[in-house]
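Given the structure of chain S, go ahead and fit chains A, Y and F onto it with the hints provided.
Going line by line, the protein sequences match chains S, A, Y and F. Count along the first sequence starting at 1, add 14, and that's the number in our numbering. Count along the second sequence starting at 1, add 14, and that's the number in our numbering. Count along the third sequence starting at 1, add 14, and that's the number in our numbering. Count along the fourth sequence starting at 1, add 14, and that's the number in our numbering.
Think of the hints as simulated: they come from the structure by calculation, not from any bench. Hints may contain errors.
Stated by the list, open to error - Simulated crosslink set (DSSO-like; lysine-lysine; CA at most 27 Å straight-line):
#1 Lys98(F) x Lys356(S)
#2 Lys222(S) x Lys356(A)
#3 Lys356(Y) x Lys98(F)
#4 Lys98(S) x Lys356(A)
#5 Lys191(A) x Lys130(Y)
#6 Lys222(S) x Lys358(A)
#7 Lys130(Y) x Lys193(A)
#8 Lys400(A) x Lys358(A)
#9 Lys374(F) x Lys248(Y)
What the hints assert, rightly or not - Residues of chain F clear of chain S, computed beta-carbon distances all greater than 10 Å:
#10 Val125
#11 Pro357
#12 Leu459
Glycine is no exception: its CB is placed at the ideal position from the N, C-alpha and C atoms.
Below are the chains, spelled out letter by letter.
There are 4 protein chains.
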Amino acid sequence: MNELYNNLYDEDALHEECGVFGIYDFDANDVASSIYYGLFALQHRGQESCGIAVSDTQGPKGNMLSYKGMGLVNEVFTTEQLEKMHGDIGVGHVRYSTAGSSTRENAQPLVLNYVKGTLALAHNGNLINAAELRHDLEYTGAIFQTTIDSEVIAYHIARERLNSKTVEEAVGRACRKLKGAYSLVVASPRKLIGARDPQGFKPLCIGKRDNAYIITSETCALDTIGATFVRDIKPGEVVTITPENGIVSNLDMTVPKEQEARCIFEYIYFARPDSHIDGESVYASRIKAGRFLAQDSPVEADLVTGVPESGNAAALGYSLESGIPYGTAFVKNAYVGRTFIKPKQSARESSVQVKLNVLKEAVQGKRVIMIDDSIVRGTTSDRIVKMLRDAGATEVHVRISSPPFLWPCYFGTDIPAREQLIAYNRSIEDIRQIIGADSLGYLELERLPQLVNGLPICNGCFTGNYPMDPPTEDIRGDYYDKEADLEKRILSRP
Amino acid sequence: MNELYNNLYDEDALHEECGVFGIYDFDANDVASSIYYGLFALQHRGQESCGIAVSDTQGPKGNMLSYKGMGLVNEVFTTEQLEKMHGDIGVGHVRYSTAGSSTRENAQPLVLNYVKGTLALAHNGNLINAAELRHDLEYTGAIFQTTIDSEVIAYHIARERLNSKTVEEAVGRACRKLKGAYSLVVASPRKLIGARDPQGFKPLCIGKRDNAYIITSETCALDTIGATFVRDIKPGEVVTITPENGIVSNLDMTVPKEQEARCIFEYIYFARPDSHIDGESVYASRIKAGRFLAQDSPVEADLVTGVPESGNAAALGYSLESGIPYGTAFVKNAYVGRTFIKPKQSARESSVQVKLNVLKEAVQGKRVIMIDDSIVRGTTSDRIVKMLRDAGATEVHVRISSPPFLWPCYFGTDIPAREQLIAYNRSIEDIRQIIGADSLGYLELERLPQLVNGLPICNGCFTGNYPMDPPTEDIRGDYYDKEADLEKRILSRP
Amino acid sequence: MNELYNNLYDEDALHEECGVFGIYDFDANDVASSIYYGLFALQHRGQESCGIAVSDTQGPKGNMLSYKGMGLVNEVFTTEQLEKMHGDIGVGHVRYSTAGSSTRENAQPLVLNYVKGTLALAHNGNLINAAELRHDLEYTGAIFQTTIDSEVIAYHIARERLNSKTVEEAVGRACRKLKGAYSLVVASPRKLIGARDPQGFKPLCIGKRDNAYIITSETCALDTIGATFVRDIKPGEVVTITPENGIVSNLDMTVPKEQEARCIFEYIYFARPDSHIDGESVYASRIKAGRFLAQDSPVEADLVTGVPESGNAAALGYSLESGIPYGTAFVKNAYVGRTFIKPKQSARESSVQVKLNVLKEAVQGKRVIMIDDSIVRGTTSDRIVKMLRDAGATEVHVRISSPPFLWPCYFGTDIPAREQLIAYNRSIEDIRQIIGADSLGYLELERLPQLVNGLPICNGCFTGNYPMDPPTEDIRGDYYDKEADLEKRILSRP
Amino acid sequence: MNELYNNLYDEDALHEECGVFGIYDFDANDVASSIYYGLFALQHRGQESCGIAVSDTQGPKGNMLSYKGMGLVNEVFTTEQLEKMHGDIGVGHVRYSTAGSSTRENAQPLVLNYVKGTLALAHNGNLINAAELRHDLEYTGAIFQTTIDSEVIAYHIARERLNSKTVEEAVGRACRKLKGAYSLVVASPRKLIGARDPQGFKPLCIGKRDNAYIITSETCALDTIGATFVRDIKPGEVVTITPENGIVSNLDMTVPKEQEARCIFEYIYFARPDSHIDGESVYASRIKAGRFLAQDSPVEADLVTGVPESGNAAALGYSLESGIPYGTAFVKNAYVGRTFIKPKQSARESSVQVKLNVLKEAVQGKRVIMIDDSIVRGTTSDRIVKMLRDAGATEVHVRISSPPFLWPCYFGTDIPAREQLIAYNRSIEDIRQIIGADSLGYLELERLPQLVNGLPICNGCFTGNYPMDPPTEDIRGDYYDKEADLEKRILSRP
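Only chain S is shown next, with the shape it has when bound in the complex (with noise of 0.2 Å):
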């Protein structure tokens, strides 16, 4: 199952970025319906705004129409909205707020006007440039009205359009000077663009419904709106949709296999299960996870559970693994929302409590192997094992689906402040006693490419080692001391 739902029950857990769909439909112009459940299905990737833009490829050159609204897909667009916005060709997007504050200005797409008409724009994912790009181009006397990344990125498309041939070409030139993670989606009066980073930090995919395209992050979106699986976008690659030929690839920015870093986060937490990624599925890889955790941290117990819904699918390789039962020992309420009041501090009631409770029959007077995916800030956890122990569970068993979170993530994952971290400065055996646990193991870190069957993966977040440099200065204004944090890293490294 999907952990991003975590989030409504947990403030303790990692946030994705965003997610981008895009379609281009040879033969409708109804694509923002398509898009509306796109975006629904990539929901998990994105919760605090959401936006579409479509425009009609037969109409007059450049008239896009768009909405953007604060909160989830379903509360921000109304049929009435959707019938108004006629278009064969547009993109989407769900955003949770990295870079950029948390503002409607911020949402995405991206809708501008430029010397050849309007593009429309979805971006998912971190520069580590875009405040060095960005005060380049103050100093052409540019103006900003956002504080996203997308918009650098959509200047210097308009800048190489003046020198490119094409749109595609402007696209591709601009890439060459982003650093950092992108996967994009562009919409231009006439043809659909997608571009992947060259160390392919985040997923983008092709699919295929009749005479309509789809770019988009994950391969859950194209089920659910009854597409198919094309292909990914490789790392590196520009590819770009017309109705005259189709699907055409330039692979210029590509860069030797090694080099490429996938976020090893999408296939242990933020992807949706049933999505599959550089050939890779997302369930599988937790499965594995979860075999691994069973290989290299045994222990006798009487029950394997996971923590809903993140932990389920790594509970589910553990008892694979280990023949220990498998078992359901949580329900979670379904109605936690946005809206959703939090206890109060003083309050009898714990927000924990509140959005879970424990199935006494299921654990009483049993040894319990809980499976999570992670621990950030280990606030939930102690709680969650001593709701265990209160229903009867005899010992509890803590197993992590994921290495140790130790550093900062510059591409696109909101990981709070390293002094926040539970494993920061402390040893798992510290760990475990805070959280209460009779033990605790963590995925050893060298299991983390055998998850992807040795794709090459990004494990700067538990180990400080980035495919690039970090940047140090942030587009959001506050500047990284780089000299004291390479200390810490060197300092802290085992």
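Relative to the frame of chain S, chains A, Y and F by itself:
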């Protein structure tokens, strides 16, 4: 897991009428917050409207503050609203309308002034003599401002109060006039009263937290607010809670045990699995249902899976009994909400597809046993079976953890007209063909009492044999053709 | 001009309780739309809540559709809502709460089911025996869900219906038990009924448009929907409208003419100037008030101006009588609405200043006579006088087109507690000093009947002489200290 | 009175584009509240969207907080929102869209980051070379996210900033490239800047309150917040306000006085009557218009009345000049708002009737002179004339306090297409017949300069003689057929 969440993606589900929650805190005057979280835990019992009424027993007699609205608990109430509602006693209600139309006027609790001050009243269940009682009242000059049974009950309490020494006596006298299902919580200026019909159709239990007593529909609401279960209110019992005497019981409406008639669907589907009703664990009864299915409808297969969330527990039971591995086969979109825009008939996206996806890795090449709690109209089942086949399942065997629905319910469950029930006038083989399964098995009728260790149950919806004669007239104004129906019932008996 | 608009910028104004509108269209079933515009024309009579109830006399008996909400007519109703409300008969209501607190539950019309089907009822005025009547009902087992008089009236109609041949007979019998002010419109399944108390406190009139009859508070509502005035409903009259017999009258509650007691403030302030009440033009009576002021409180000046909007007509009258030129001296901000944020006490902007500005050109160097309809607390008057002086007026003479307020109203007008009235225990010279005027004149008490050509009026709020004894108990639970008040009344008489 | 309120009941009215308000308070950081009330006073200048941006000059450079939304000032802003916006400098804007479509994206102020930090910019007026300027910018790689002129202006400021020592120098340089109408307020991190085009089309003035300076569209906004008028910003002037130097002026864009071209419609209709523009009282100019009408189009009558609110001042002037008594003849419903449901064509209620009623007493048996400020399409005038006759007026003489509209406006007023103008290709006698008046008189063209004591004005909408050549292309993408129009203009000249 609880299957009421099903509602969200499955219009083809049954609906419970209501959940009730009352609390009297001898020490504090912030019960509104506890009612909020209690209702939140009962949300699966009703999603159309909700309300809270509180009073301060130390304040001027009869000053009852109430707030009600259409929508979910977290949509209707804001922090500001809750903070305004000071009181040490109060009741709350969540509602899905079966009797009485779905309007704000019909939201509960019902707050009323009468000769002795103010009462707030929350009711779960359907009376079968409501229309009769109402006519009688009207002939003495009564006026009605809603179309809910609760107003009829309130009137009788007010009238009986004139001849009663205490309000609990009045509640008891009023209850003696009611026929049908009622689990009732009443907050009077100085007392919290619970009453349950002699058949015990619907659950009602007592909990305690420090110096506060709670009367509510399900034990999960007690867990959620950190209270301990004290005991169930017995069928036919009226219970009064005061600071002076704690819990005081009247058992004057009890009937011989064999005339009790608990709604078996509370165990199979309505209640949350972490609740206990009359001493029986809902979760355990579902595990049992799965085990019975494995014994009575065995089949060779590679995987047992549940239709989320409602089928999961029975699937686990089937797996435990049969030894066939349990696994997750579906990913459900957690963001489907009340404002979700349903795909048009003509659209390429279907409602089921948008809400549910299959994990190909989990089912590919496998013979799958798929467990669901019921089939009502059958409009969803065929799509889910097809999705499993499309994902590569080689066989799909469907097992249903209840017998086939054949009859209406008069006691608080919203079952569609007989003509719309898939099992009506069809053999199991007919149904199997319609839903496209390789085999189909229902839970045997005689297994039902075994699910709950022999507690007397109502199985009217499966057999047409009701514990009391159905009404000839409906309070809602729909007249019921008893003759015609009786004929049908006799003719259709096997 | 109508002064209720005053509310918007002047918290220091009186408030009318309600406006009612009923219609029976023998030819069409879209009366909801006409009620909407009728209520819109009556909006000045109540801005807190509003509601519409309609029924189709050709449909099943007793199917009354209603919709109510807090706010203005154009805030509560949408096109969609109106279009759903099919019916050929219906009533509407706008409310400013005097009796009964300001909640959604207390919004009208009251829709009720009783022995003969459904009734919808809208009421303007305050009963003085409501508490008494309610106690009596409670002692026969009645329950109350609101705190408005209308529920008491409804109960009596329901009870009397048991002994009456017709609904209009029941309404008549019920009215005989009521004391105080009531202008009532009732829609039964097949009849539209209007009733007015014997004193005729509040207005009620009949209009006609094609084959539709209307009963409403003010004639301006007739003009708005394109209907013609037929006649006023007489004090003590019950009128029934049916397709068979048109307008049929019962005059059985009439009292000797001299006991009639129209609320004079309807003419001075509440009603719209384009309305006629009992044959007298509201506008004309205000012009007269101005003329009387000119005769009784003459002063030399260069300009007569009204405090918008309520003072304009009297200012015109003063100008016509005195020959001193009339002119506009103020600009009012038309955008002040219910959600307007009031300036904080500490802020440099004041509420009056934000809402009202002076036309310097109009007043500079001039001796100004400023006419207002009343001074309640006096908190606004001093600011306006100061604004005129700041703008260059050399003298400011204030004339008030009503006598000083000294007593509470028990019949439907919300007058603040005596202690807050500026005229309480103060001489006119005291008041003049407080508001900073060069001279101050009020309308003479004996002029009041002359405003309305000798119609018998109630002047209780000026004299403390009420047409019937005030109640000793308030339905709202505030007990009124009759003795103490009587003493005060006697002592304070001139 | 101000006639913009007309909008509310009269779709047949002209619309102003915008109002601007900037403030720099050297002593306090709560300017958001003053901007709120300032915009509230300017609401008549734009009702579609509004926004506020504030900054703290003592805080980190470039931290600009902004909030914008569709709707009226009191609909968009809440107390909570305002309280969050700390700052000592800021700008606000109300907008009615003429150029740029009516969307949230186009709401102002425009907040932008550029090389020197952050700017907030509010603009009133229409550029005629916006499309040209935008093309030029696009050819250097600029991107545009809105369709408003302000973005073009912002870009130029940002570009010029690279070669300017100060931001005010950059604003001045940018302004030199602009053609058309602009009254501009800019808040930079440390300076408040105002700029007005050399023709002075739109008003812009300076005020002071304690240690705070204000730059705003109309003086009425100064009165509202308790500030004193300092002086108008002169046509062609750029003004900079800082704590160090107070008001510093650059007059470098001035043109010979005779080339100035104030929009005369600001005096006739747009501005609030309590405002002064360039030394002239708006109210006084309307009184004069009425006097001129009395001189140029005299007629015998019994009553002069204005169509509320816009016609009242001219009516007073007509009365003063002619000696015919002035009186109120109409009652306007004050509750017409944005969400008001308009009567259907088929309904028996008309829009005019619902919003306006005649005081029969005032007009019955009288010869009435009815003054309005303009006739645009004429769709309302005929109904009002008819209403007067229905109320008993024996004659209705219409006088219009402006000449007939014949030409489009390119400088910020939204005039319908020529074909829709009632005066297009029609004689005054034709129009008189259409509206059903007994006589009709317009203000003479040569009277216009006399209204404002000889200030140079733009009368392009009456004569087609514009102070500068109209654009051939519209930024909105509507291409304007210059040839065809020129031909028409020449042919249609008298």
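Check: Which of the listed hints are not met by the structure?
Finding: 10
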